[in-house]
Amino acid sequence: MISGTLTLFNWTLKMDSKSIYPHIIRAVFSFIMFFSISAAFVDAFGTSRTGLRFFETICYLNVLLITVSGVSYFVTAVTEEKDAGTFALLRLAGMTPLSITLGKSTSRLVSSLMLLVIQLPFTFLAITLGGVLWQQIIASYIALAAWMILVANLALFCSVRCATSGRAAGLAGAILGLIFVLPNVIVNGLAAFPTRFVPVVISDSLKKIPSAIGTIDIFERLRGLLQTDSAIVFFGQQFWISITVATALFMISTLTLDLWSAPAQFGGPSEIPSIRRWSVGRSWRLAVMWKEFLFFTGGRSFFIVKLIGGGLVFAWFFVWQNANGGVDGLTLRGDYAWNAFETFAGLLAIEVLLYSSGCLFYEIRQTTQSTLAALPVSGVRILLEKAGGCLIALIPTAFWLAVTAYCGYEGIARECSMTMVISYVILLCFSSHIAVILSLYTHWAALPLTILISAPAFFFLAAPILGLTAVTTSLARSQHIESTLLLSAIVNMFWTWLFVLLPLQLWIRDRWNHISQF
Amino acid sequence: MAEDNTQTIPAISVTNLSHAFKGHQALSQVTFCVMPRTLHGFVGPNGAGKTTTLKAICTLLKPSWGEIQVFGSSVRADPISVRRRIGFMPDHFSMYRQMTVFEYLDFFAAAYGLQVKQRDQVIHDVLTLTDMDGRRNDLISSLSRGMQQRVSLARVLVHDPDLLLLDEPASGLDPRARIELMEILRELRRMGKTVFISSHILSELAELCDSVTIIDRGQVKFSGPMDVLLESPEELPTYNLRLANVYDNVAARIRELPGVDDVREPEFATGRDFNIQLAASLSANDFLRSLLTLDLPISSFSQQRRHLNQAFMDLTTRGVRT
Numbered sequence: 001m002i003s004g005t006l007t008l009f010n011w012t013l014k015m016d017s018k019s020i021y022p023h024i025i026r027a028v029f030s031f032i033m034f035f036s037i038s039a040a041f042v043d044a045f046g047t048s049r050t051g052l053r054f055f056e057t058i059c060y061l062n063v064l065l066i067t068v069s070g071v072s073y074f075v076t077a078v079t080e081e082k083d084a085g086t087f088a089l090l091r092l093a094g095m096t097p098l099s100i101t102l103g104k105s106t107s108r109l110v111s112s113l114m115l116l117v118i119q120l121p122f123t124f125l126a127i128t129l130g131g132v133l134w135q136q137i138i139a140s141y142i143a144l145a146a147w148m149i150l151v152a153n154l155a156l157f158c159s160v161r162c163a164t165s166g167r168a169a170g171l172a173g174a175i176l177g178l179i180f181v182l183p184n185v186i187v188n189g190l191a192a193f194p195t196r197f198v199p200v201v202i203s204d205s206l207k208k209i210p211s212a213i214g215t216i217d218i219f220e221r222l223r224g225l226l227q228t229d230s231a232i233v234f235f236g237q238q239f240w241i242s243i244t245v246a247t248a249l250f251m252i253s254t255l256t257l258d259l260w261s262a263p264a265q266f267g268g269p270s271e272i273p274s275i276r277r278w279s280v281g282r283s284w285r286l287a288v289m290w291k292e293f294l295f296f297t298g299g300r301s302f303f304i305v306k307l308i309g310g311g312l313v314f315a316w317f318f319v320w321q322n323a324n325g326g327v328d329g330l331t332l333r334g335d336y337a338w339n340a341f342e343t344f345a346g347l348l349a350i351e352v353l354l355y356s357s358g359c360l361f362y363e364i365r366q367t368t369q370s371t372l373a374a375l376p377v378s379g380v381r382i383l384l385e386k387a388g389g390c391l392i393a394l395i396p397t398a399f400w401l402a403v404t405a406y407c408g409y410e411g412i413a414r415e416c417s418m419t420m421v422i423s424y425v426i427l428l429c430f431s432s433h434i435a436v437i438l439s440l441y442t443h444w445a446a447l448p449l450t451i452l453i454s455a456p457a458f459f460f461l462a463a464p465i466l467g468l469t470a471v472t473t474s475l476a477r478s479q480h481i482e483s484t485l486l487l488s489a490i491v492n493m494f495w496t497w498l499f500v501l502l503p504l505q506l507w508i509r510d511r512w513n514h515i516s517q518f
Numbered sequence: 001m002a003e004d005n006t007q008t009i010p011a012i013s014v015t016n017l018s019h020a021f022k023g024h025q026a027l028s029q030v031t032f033c034v035m036p037r038t039l040h041g042f043v044g045p046n047g048a049g050k051t052t053t054l055k056a057i058c059t060l061l062k063p064s065w066g067e068i069q070v071f072g073s074s075v076r077a078d079p080i081s082v083r084r085r086i087g088f089m090p091d092h093f094s095m096y097r098q099m100t101v102f103e104y105l106d107f108f109a110a111a112y113g114l115q116v117k118q119r120d121q122v123i124h125d126v127l128t129l130t131d132m133d134g135r136r137n138d139l140i141s142s143l144s145r146g147m148q149q150r151v152s153l154a155r156v157l158v159h160d161p162d163l164l165l166l167d168e169p170a171s172g173l174d175p176r177a178r179i180e181l182m183e184i185l186r187e188l189r190r191m192g193k194t195v196f197i198s199s200h201i202l203s204e205l206a207e208l209c210d211s212v213t214i215i216d217r218g219q220v221k222f223s224g225p226m227d228v229l230l231e232s233p234e235e236l237p238t239y240n241l242r243l244a245n246v247y248d249n250v251a252a253r254i255r256e257l258p259g260v261d262d263v264r265e266p267e268f269a270t271g272r273d274f275n276i277q278l279a280a281s282l283s284a285n286d287f288l289r290s291l292l293t294l295d296l297p298i299s300s301f302s303q304q305r306r307h308l309n310q311a312f313m314d315l316t317t318r319g320v321r322t
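Line by line, the protein sequences are chains U and Y.
For the first sequence, our numbering assigns the number 1 to the initial residue and increments by one for each residue that follows.
For the second sequence, our numbering assigns the number 1 to the initial residue and increments by one for each residue that follows.
The hints are all genuine.
The calculated lysine to aspartate or glutamate pairs, modelled on EDC-like cross-linking and capped at a C-alpha distance of 20 Å, are:
id : chain 1 : residue 1 : chain 2 : residue 2
1  : Y       : Lys221    : Y       : Asp210
2  : U       : Lys207    : U       : Glu220
3  : Y       : Lys62     : U       : Asp510
4  : Y       : Lys117    : Y       : Asp160
5  : Y       : Lys22     : U       : Asp510
6  : Y       : Lys221    : Y       : Asp314
Because the hints were derived from the structure by calculation, they are not lab data.
Chain U with its partners taken away, still in its complex shape (with noise of 0.2 Å):
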């Protein structure tokens, strides 16, 4: 047993360390190291915590990096053996489940340590910079440590108990949104409602919920000890919740992993076909992009659920208002307004990263990257084709976005100029290209690469977006021209589609049809 975990662990360690890709990933991260620190010193001048904020940059920075990992990276560790039709093999080879589950997700967990470890030194010039403590820096990096332990071995089980690693990392993704967004939902749904329609002994069981996940809470462990005046424990209440966890995770994923592996059942037909008629339905004459559309984003089926989800959403936050004694009609006030806004853009830009960095991994995946181009039409047209399925599929989060842009347009015009919609818009749409970019490279990597590399982007673009949009607009008001932020957005969207985006299309076509031709 020894040998074959010793045999899979090396084997999966030469392989990252021959792979150029996580070099790379290593050197982007020492680059938003020095970006971060440049920032927080820019952003902290002349106070005496510049050193707080850079550490607390990279602490969240580590945190989102760590919880995409969990659904991109870690999640794949079994299913890609699955994906690939060698899970048999392995088990053939004589490999025990404990060899397969300690073989193949500790090596990734051991290279994304080493990336906590080489920030380390750099971190301590955050001591020098001042407002932190080296007590604060190293429990900080004991509890991230925690934190991706905990993930690596959920995206373990997701992986175990997923046929595929995109099922696993929808799982994944599930597991990870709860855990941040139910004590929330919890809380302020207690609050919400009148506490004569909520039993004492069900509202006292919901009340433990935000405070057993609580205990495993990253960011609240981290905002505990940032605070200067708490007391420094390095293996806190959060690191041993954490690591009882995920060996408990890790445990039932090695006692599932044969459970969950068998081979799939043969020769039955796939669904009641008036049922699979509906909900899959006649090829459109734009094949591909009803394949898109049906088969990689989910389709009606999710396209309905999509839209109702949006509206329990949306009603939510009315539910929310109202029961705080904002009830003004439709229209949704302040705070309230700007929460629903940030939720619906943040899901449309989660929505538009996971399809950029999956579309076409997914032809490539599926080796059938050749036969869609030997299609009699050109590879540009496919790739539209695929863009416009995913668009379709993007509708209900964008209409609930335009719902409450509408209903809470004060609210939201308060907290959030044209300039930074603008900005959004342009990083968006950075960001997908460079997704799908990278998804022609790193596959399964793509997600939290492009996270890296779109974060210190925005910075970069966005100083030219403000300048470019103060000129357009002083421009168009010299000339008495109206909607002056119309034209702006327009001016900035055509300069970055020609000086941006259109190359990284033209980068796109080309490793596409070079892709096609294997």
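Please arrange chain Y on chain U, whose structure you already have, making use of the hints.
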């Protein structure tokens, strides 16, 4: 007139095709021709350049040098119209496994621009031809490898192409599935399709193909009719004779006949089989006439042909190209 044209214009014409990947010469001056309505085998060891050639023919790969025409259209100049006339089946399973068989074929039929009514008819026809009509509502992921290969073949046929390019269609199939696949290919030839098939299964190709191209290390070693390839390479024709019974001293008696150069008994012979080499001046007809005078009960008499395996081994080089 148009009918005549399709008969005379080659289905595939490859001239001086060369291609290099990262300094490695994959194809070198490859030239061959495939006539319409024939079944053409494309044979070569691993790494010989078969798949590269196929991908260049089906417009997926832009070759460094040379010209390829499909039914007179240049692959380089007019790839879209070439794609309409070809059906390419790659050597790996290239399928959307979460679709049902019907959805998969419907998708490709729509992608080739067929209307809904046409699609229904075409899908019914191709599923009947490939004997998959009963599995039309099954998920592709639930089908066996042989069945998936049939669905792949059905997919290639949905837009009624004139030329089928099949890369290792029988690889990984069990003997029964392989025999059934060969039957379908014969049927397609009867339907007037040109089939260009790359395969390692030489015995089946020998029975199936009208013509063959053998490629090795990026160079064409032979291209022409299968009969020519399988003819004995020796200068004098050799014939196989099989008698109904075993008789004494038969070889010596045949050797005494006029015009007979040599008579040998093959290895592991049972005493009933003889390989006879005739002088160039003697025809098989004249020899048979004189053979009958010996009053031997002849079971069979045929000109000796090489097996495709032998031809392949003679023409290709041992070892894998590095």
